Amino acid sequence: GAVVSQHPSWVICKSGTSVKIECRSLDFQATTMFWYRQFPKQSLMLMATSNEGSKATYEQGVEKDKFLINHASLTLSTLTVTSAHPEDSSFYICSARTTGTGSEKLFFGSGTQLSVL
Amino acid sequence: AQSVSQHNHHVILSEAASLELGCNYSYGGTVNLFWYVQYPGQHLQLLLKYFSGDPLVKGIKGFEAEFIKSKFSFNLRKPSVQWSDTAEYFCAAAASGGSYIPTFGRGTSLIVHP
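Protein sequences appear in the order of chains B and U. Take the first sequence: its letters are residues -14 to 102, numbered as in the numbering used here. Take the second sequence: its letters are residues 8 to 121, numbered as in the numbering used here.
Please note that a few of the clues may not be correct.
[Said to hold, decoys possible] Going by beta-carbon spacing under 8 Å, a handful of chain B positions derived as facing chain U:
#, residue
1, Gln27
2, Ser28
3, Gly38
4, Lys40
5, Tyr43
6, Val47
7, Leu59
8, Leu61
9, Thr63
10, Ile78
11, Phe93
[To be verified] Some chain B residues well away from chain U (every beta-carbon gap over 12 Å; in silico):
#, residue
12, Ser(-10)
13, Cys(-2)
14, Val4
15, Glu44
16, Lys49
17, Leu53
18, Ala57
19, Ser80
20, Val101
[Claimed, not checked] Every beta carbon over 10 Å from chain U, so not counted as near; a handful from chain B, in silico:
#, residue
21, Val(-4)
22, Ile(-3)
23, Gly1
24, Glu7
25, Arg9
26, Phe19
27, Gln23
28, Lys26
29, Leu31
30, Glu37
31, Asp50
32, Lys51
Note that these hints are calculated values from the structure, not bench results. Computed from a predicted model, the values in this text were never measured in an experiment. Glycine is no exception: its CB is placed at the ideal position from the N, C-alpha and C atoms.
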């Protein structure tokens, strides 16, 4: 099956610094990628939808200036957590959708555990 | 807005025991339903899905799920679990005909003792 690579798998940073998370589709082109966030013992919450070559669409309550998303190519989307604070500590997961329709075409990265000190 | 609830947050079983994980969704329209699994250190993988037709869905690795429309449920079952089934399991729902972005339940952590 298709592979989505997410990097890094975990990161620890100081409060106030920025962290970039990469999501790559390795063997297919993904016009759309999604970024999810999961707090401990809670659901995966959709943060934003990233479309290649255009601005990301953010879900209600997600600060677009804090969570910068760039989808510069059909195989790469990045999420940058700017000026991270301890409350941003969470598990972030990306997923990529192939050009077909239907949710069965979604493939997920392995996630990034972010810890902000 | 649609929501998905998983009743069991942590389940501990011995090998060969039977498994049933509960999942209920809240949505007024037609939904597509999914179960995903995440093994330790790996990415989310699709176990099975229901779009239409036979409400009893067979998935990979011996898993199955039954869609009961009247109960808004889509419970996951396996008659005999193995140690290798230790993982996090997520139920998800997506509006049929919509943007196909699944809404996830909070997940169930399954530990199977050998």
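Could you work out which earlier hints the structure fails to respect and list their numbers in ascending sequence? 3, 4, 5, 6, 7, 8, 9, 12, 15, 19, 26, 27, 28 and 29
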